[in-house]
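Number of protein chains: 2
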Amino acid sequence: MKPVRVVLDAMGGDFAPKNEVQGAVAAVRTLGSRLQLTLVGREADLKAELAAFPESGAITIVHADDVVSMDDEPSSIVKQRQSSSLYIGVERMRSGAADAFVSAGNTGGVMATSTMLCGRIAGVSRPTIGSFLPTKTGRPCLVVDVGANVDSKARFLHDFAVMGSVYYRLMMGVERPSVGLLNVGEEPTKGREVVREAHGLLASANINFVGNVEGRDILSGNVDVVVCDGFEGNIVLKFAESVLGFLKEKLRRYAAGGLVQKLAMAVVAPVLRSALRDMDYQEYGGVPLLGINGVTIIGHGSSSPKAIANMIARAVDVVDRDVNGAISAAITAPLKKETP
Amino acid sequence: MKPVRVVLDAMGGDFAPKNEVQGAVAAVRTLGSRLQLTLVGREADLKAELAAFPESGAITIVHADDVVSMDDEPSSIVKQRQSSSLYIGVERMRSGAADAFVSAGNTGGVMATSTMLCGRIAGVSRPTIGSFLPTKTGRPCLVVDVGANVDSKARFLHDFAVMGSVYYRLMMGVERPSVGLLNVGEEPTKGREVVREAHGLLASANINFVGNVEGRDILSGNVDVVVCDGFEGNIVLKFAESVLGFLKEKLRRYAAGGLVQKLAMAVVAPVLRSALRDMDYQEYGGVPLLGINGVTIIGHGSSSPKAIANMIARAVDVVDRDVNGAISAAITAPLKKETP
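Protein chains in written order, with numbering that gives the first Met the number 0: chain F, 0 to 339; chain H, 0 to 339.
Just so you know, nobody snuck in bad clues.
Think about it this way: if two alpha-carbon atoms lie no more than 20 Å apart in a straight line, the pair counts; the simulated PhoX-like pairs of lysine-lysine are:
no., chain 1, residue 1, chain 2, residue 2
1, H, Lys249, F, Lys247
2, F, Lys305, F, Lys17
3, F, Lys247, H, Lys247
It is worth saying that the hints were derived from the structure and are not from the lab. Because the structure is a prediction, the values reported are computed rather than measured.
Start from the sequences, fold in the hints, and give me the full structure.
Listed below in structure tokens is the structure:
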């Protein structure tokens, strides 16, 4: 298999370039010849960070003077920040010098720049971001969209469903993942007008559509892919991420009650942490921007070196499994045959 | 203080009239002379259930032949089900024979019948339902709306904010509760178009508006009242209710790992349960339908006797604290003075 050429925005995250470089080194160690890695950023800084690692020889550096901050206006980057690590990294992917782009930087900026430079896969109305959440059964649930789009039209929701279904199939190895439409009741007549319209589109799409699902169905493991507008998707995702902090505080107060409580907590805390940690997508290792002509993986600003390494590994997987080829085929596929 | 006249739909819930009668008896025991309680339902059934309790003498029974089921069309009840316990109960409140109505029955039916018979408080665009969620700090967060309305206009969101603020103030004894608008980012330019419009209305309303909040701010305790459309409110609420089941399953698997794990679990499980139980509004004891000329408290179909008793107690509180009088004053209050 040809190595996958990944370019990492080494200046993106809150702890850049330190975490980016450490994550890059870990990825090179793990992925070996499957990966050909390029770091974009201030050359002198990156060289200094890399010097300590014997793996530095396997990593290419491309210099970029400028760094986009978390506060920069996403849409301005393509016109005004062409010497930034973000722009130069995406541009390498667009030009064909790289297969995938990874960044823990300004999320809106990464989305806008990737979409504007690379364009959408033919037939895709809007690129989207999906995120895996853990479930009761252990088989994760992909929620899509989690914030790339708000006020999505029914056609956009249809495209999120098709892309989410393809992504789940290829990443999880599930032939016909079940797809549910997030709503406030099971009946097709329930909910927002745009969601009722989307219900019709999803029912005739060539996916394993199981109808409306509710907020409780995400963690239950009843359904593989949950489709929604990025507004409620983002709200649910951020709520989910906050559950661990909430419980930690409740348990901290409890542990203060005495020695028995403290001991019990010491035993149980790691279990809770591992069950809830997966709700936080920086631990999971980034999310792909689905639907563009390219492979962009987006992570939290506070990504750890481990999260950066996971993001790079995910980029390699998305390229290897040809997610974009499958999206391209599925988005233009004919409708399901009507069943009498 | 005059006793509050509460009428209970004794046939509403999934375990009616058993749980309703047991809850009614518990409420009479706790509230004593503050409460004057009437049960509506099949007289023979209610008499049989009540017979075992010495408190039965303090409870009035009003006969109703018909029972609305969970599957009945909400809007049809006013025209077609006038001999149902739901209709007769609400009608007693409308006519002035009762101050408050409590039901664990068909939620949509209770809302529609209450709104159609009693009408809205002058100035209120849409009645709403809010639900308290627990937070890190211990001071609950009221999420409003949690499912009474979808596709809410900006004006509706404004009214939810005003009513939520009044309800929080009177029920929690907090003078100027902070009010946040649920969104996907802090900047006023973020999110759905209708939410951006609502931001302007809330900023000039006479409430303690703190701007946009995100999904994570609900459990953090950063804000007292979170305003949203019933679509995302319902989704977040049902997601929250499902967290306990999710964790129980994770911990059950863990406890199966051995004796130490089992013992630790036995100690910690009650803490988790108590921390997460409050996310489930049937435990909390129902939610009020705010904004109607009347006091309607709505509970889960599966309400326990304890939940029914809590709902009756809540009805008494809402009447005693004159929530409707305060809503009426606040909804027509002049805008905040512009600050330079």
